[in-house]
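**Q** These are the residues of each chain, in order.
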Amino acid sequence: MAVAAAERPATAGRLVAALKDAAGAALLALGLAVPILALRIDQDINNQPVLRPRWDDVALAVALVFCARLAWLLLRWARSGTAVAKPRPVSSGAGGYVAARAFAIVGAVLLVLYPLLMLALVGRAGAIKWIDNFGIQILIYVMLGWGLNIVVGLAGLLDLGYVAFYAVGAYSTALLVHNLGFGFWLCLPLAGIFAALWGILLGFPVLRLRGDYLAIVTLAFGEIIRLVLINWVPVTNGYAGISGIPKPTFFGLPFNASDEGFAAVLGIEFSPLHRTMFLFYVILALAFLTNWVTLRLRRLPIGRAWEALREDEIACRSLGINTTSTKLTAFAIGAGFGGFAGSFFAARQGFISPESFTFMESAVVVAIVVLGGMGSQLGVAIAAIAMIGGTEILRELDWLKQVFGPDFEPTQYRMLLFGLAMVILMIWKPRGLIATRHPSIFLRERRAVRADLVKEGHG
Amino acid sequence: MEYFFQQLINGLTLGSIYGLIAIGYTMVFGIIGMVNFAHGDVFMLSTFIALIFLMVLTQLLWVTPLALALFIVLIGAMLLTSLWAWAIERLAYRPLRGSFRLAPLISAIGMSIFLSNLVQVTQGPRYKPAPQIASDVVTLYQGVDYSVSVSHKQILIVAVTIVLLAAFWYIVQNTAIGRAQRACEQDRKMAALLGVNVNATISLTFVMGAALAAVAGLLFMIYYGVVHFNDGFTPGVKAFTAAVLGGIGSLPGAVLGGLLIGLIETMWSAYFSIDYKDVATFSILAITLIFLPSGLLGKPEVEKV
Numbered sequence: 234m235a236v237a238a239a240e241r242p243a244t245a246g247r248l249v250a251a252l253k254d255a256a257g258a259a260l261l262a263l264g265l266a267v268p269i270l271a272l273r274i275d276q277d278i279n280n281q282p283v284l285r286p287r288w289d290d291v292a293l294a295v296a297l298v299f300c301a302r303l304a305w306l307l308l309r310w311a312r313s314g315t316a317v318a319k320p321r322p323v324s325s326g327a328g329g330y331v332a333a334r335a336f337a338i339v340g341a342v343l344l345v346l347y348p349l350l351m352l353a354l355v356g357r358a359g360a361i362k363w364i365d366n367f368g369i370q371i372l373i374y375v376m377l378g379w380g381l382n383i384v385v386g387l388a389g390l391l392d393l394g395y396v397a398f399y400a401v402g403a404y405s406t407a408l409l410v411h412n413l414g415f416g417f418w419l420c421l422p423l424a425g426i427f428a429a430l431w432g433i434l435l436g437f438p439v440l441r442l443r444g445d446y447l448a449i450v451t452l453a454f455g456e457i458i459r460l461v462l463i464n465w466v467p468v469t470n471g472y473a474g475i476s477g478i479p480k481p482t483f484f485g486l487p488f489n490a491s492d493e494g495f496a497a498v499l500g501i502e503f504s505p506l507h508r509t510m511f512l513f514y515v516i517l518a519l520a521f522l523t524n525w526v527t528l529r530l531r532r533l534p535i536g537r538a539w540e541a542l543r544e545d546e547i548a549c550r551s552l553g554i555n556t557t558s559t560k561l562t563a564f565a566i567g568a569g570f571g572g573f574a575g576s577f578f579a580a581r582q583g584f585i586s587p588e589s590f591t592f593m594e595s596a597v598v599v600a601i602v603v604l605g606g607m608g609s610q611l612g613v614a615i616a617a618i619a620m621i622g623g624t625e626i627l628r629e630l631d632w633l634k635q636v637f638g639p640d641f642e643p644t645q646y647r648m649l650l651f652g653l654a655m656v657i658l659m660i661w662k663p664r665g666l667i668a669t670r671h672p673s674i675f676l677r678e679r680r681a682v683r684a685d686l687v688k689e690g691h692g
Numbered sequence: 236m237e238y239f240f241q242q243l244i245n246g247l248t249l250g251s252i253y254g255l256i257a258i259g260y261t262m263v264f265g266i267i268g269m270v271n272f273a274h275g276d277v278f279m280l281s282t283f284i285a286l287i288f289l290m291v292l293t294q295l296l297w298v299t300p301l302a303l304a305l306f307i308v309l310i311g312a313m314l315l316t317s318l319w320a321w322a323i324e325r326l327a328y329r330p331l332r333g334s335f336r337l338a339p340l341i342s343a344i345g346m347s348i349f350l351s352n353l354v355q356v357t358q359g360p361r362y363k364p365a366p367q368i369a370s371d372v373v374t375l376y377q378g379v380d381y382s383v384s385v386s387h388k389q390i391l392i393v394a395v396t397i398v399l400l401a402a403f404w405y406i407v408q409n410t411a412i413g414r415a416q417r418a419c420e421q422d423r424k425m426a427a428l429l430g431v432n433v434n435a436t437i438s439l440t441f442v443m444g445a446a447l448a449a450v451a452g453l454l455f456m457i458y459y460g461v462v463h464f465n466d467g468f469t470p471g472v473k474a475f476t477a478a479v480l481g482g483i484g485s486l487p488g489a490v491l492g493g494l495l496i497g498l499i500e501t502m503w504s505a506y507f508s509i510d511y512k513d514v515a516t517f518s519i520l521a522i523t524l525i526f527l528p529s530g531l532l533g534k535p536e537v538e539k540v
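Those sequence lines, one after another, are chains X and Z. All you need for my numbering is the position in the first sequence, starting with 1, plus 233. All you need for my numbering is the position in the second sequence, starting with 1, plus 235.
Since the hints were derived computationally from the structure, they do not count as laboratory data. Nothing here was measured: the structure is a model prediction, and the numbers come from that model. Yeah, the Cβ is synthetic: ideal placement off N, Cα and C, and Gly gets one too. A few of these clues could be false.
[As the list claims (entries may be wrong)] Cβ-Cβ distance ranges computed for the label pairs, FRET-style:
(1) Z:Met425 with X:Pro438: 31 to 41 Å
(2) Z:Thr469 with X:Arg677: 51 to 61 Å
(3) X:Leu260 with Z:Ala427: 26 to 36 Å
(4) Z:Ala402 with X:Leu430: 36 to 46 Å
Please take these sequences and the hints and turn them into a complete structure.
**A** See the structure below:
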């Protein structure tokens, strides 16, 4: 395109323009950083508030913004020279579907082998940390993400109070254990049932609401449940929480060093690793169960009704679908899986308190579902691994202390980076990481459809 | 009875602060139909900006009359908070305009997490004490066993709120800026065709909301005498409740809703249970949205197919 090339300014001119743009961004960063970053409110020895200047931090932040903006501009410039804009295909054909399926199977196999791989890579002492902090922690969020995906991804009902059902599962497990002496394996299904009942109870009043309003009401319900947990001290023990929740047993064999323990009965040497690995496989099985149920439900009439509801509620109603029962089943089943996850969480931690069930948890799970690509099981799993694993890995970055000095604590930037990642990912891919739809009903050939062609929630 | 009047005064003071924050929610929702989830954290940020500004003026520059210092802080905090809100809208929301409907909400939640953690990282997780300002008390009525009194800062809060709301109301009703805003609220496409710069108008809406949130932030800092990085979420949700209760999109509604929420919260704490005061607010939010989605003064939303 000769015309386009002629219109393009000379290289030097573009470089100056890029520098100017980056300088503008740096100026904005300076304006934003000075009021909050430059002076820190501290207390002196007399406990009087004083201001401590930190202009070096401001300079660092401004320099960082300048470099990042310049790098981004130059990268975009370099790309625009080579890439030719071509129309994106409506669907990726059968190939995309097969690739996604193969990726999912490889991922599942890797997950099953993960504890053994870790054992081989870092040895017994290191493996516990990697299986517990990364494996189990991430899988809990994968399971929560898949559970919420039924409500948000399939039925299109934005639920910002999902943590309420997680809390119901955890607290019903703790209370059943302490008041009735039930074991974990009896509590697990009961916790799921209780959470599902709460899902119906809280879903019933919000049937008329959609979109942002629904999100805010569910947020209010989640907060109400947390505040009740804090203030209903005789039952929930308030802020102090409930401790002493027993760990799951292996067909009645506890994982301890006693004679009736798992290790003694099998005649092997006792190691805390057994319990960690067992917990890993329990949550993996629960997560796979969630996934399997969701995939099966999508092919049932109820699953198709959910997806129809997500695309257009009025059309759905005109076609004779009972939207009340459709919404309530989505709430109930999603909540039930949240309850399972909560029950597992209580048993794994051995201690629960309202601190674990703040709005932040709901926001994290919603972020995982939306960033993964609403409705995509694989996308949700990838988003959970990226977001939770990414923030967990900050705990391992002790070498940064050698770069930034001993005061530097990478973990305190965990949620800061999480929030930033949410914004950046949304702008980069508003439809989520995996933005294709795999219709469960198709003509001749299974195709993946690009999600931005689907208008949803405009009922 | 004296006790009731005392609570009435306290409730109205608290309600003015909620009303100021609620205007930011209601205007943004009115113009682009989005719940600006980060607005509560912008408010929290402004409490810190106000406190730092005040400390700079009193400790480093020795600005003597406190009233002058407070006036400079008010203007400065409004400007700096507006800059933050402008940047947030430009970077996190504008690229998502016209995208699918959940994208801006998720981006706003991310921004809210980012802001509260930014303040935690840069200013530390502790409560920061603010200097005592205008805490003298005027006794209005001396009863037998209980007196009704109003502190200078309560008078200050209500007075500043009334003056700024009047100025704001004038801007929205009688200036070209306000006309552009109301035009965008009714029909963005048509307003653009008639030569209204829609993007600039939306930016301005965020800026005005943030400026009022900064006023609320300064007043909140004076009233409670302490600021904390986590103080954005709960006042934010309460102010949103106020906006919804008054009818979202309606400016007088936001102020009315703020006053009602302030009164309900204070009365609930005074007569029922202080532990469950937030439960009361959240329940009002849920009940209003379920049974009266258009609020007290709002227009009912007609759904077109």
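**Q** Can you tell me whether the CB distance of threonine 469 (chain Z) to arginine 677 (chain X) sits inside 51 to 61 Å?
**A** About 55 Å separates the Cβ atoms of threonine 469 (chain Z) and arginine 677 (chain X), which means 51 to 61 Å holds.
**Q** Should the hint that alanine 402 (chain Z) and leucine 430 (chain X) are 36 to 46 Å apart at their CB atoms be regarded as holding?
**A** violated, 52 Å
**Q** Quick check: does the Cβ-Cβ distance between leucine 260 (chain X) and alanine 427 (chain Z) fall within 26 to 36 Å?
**A** holds, 29 Å
**Q** Is the distance from the Cβ of methionine 425 (chain Z) to the Cβ of proline 438 (chain X) consistent with 31 to 41 Å?
**A** Since the Cβ atoms of methionine 425 (chain Z) and proline 438 (chain X) sit about 37 Å apart, the hinted range of 31 to 41 Å holds.
Consistency with the previously given hints fails for number 4 only.
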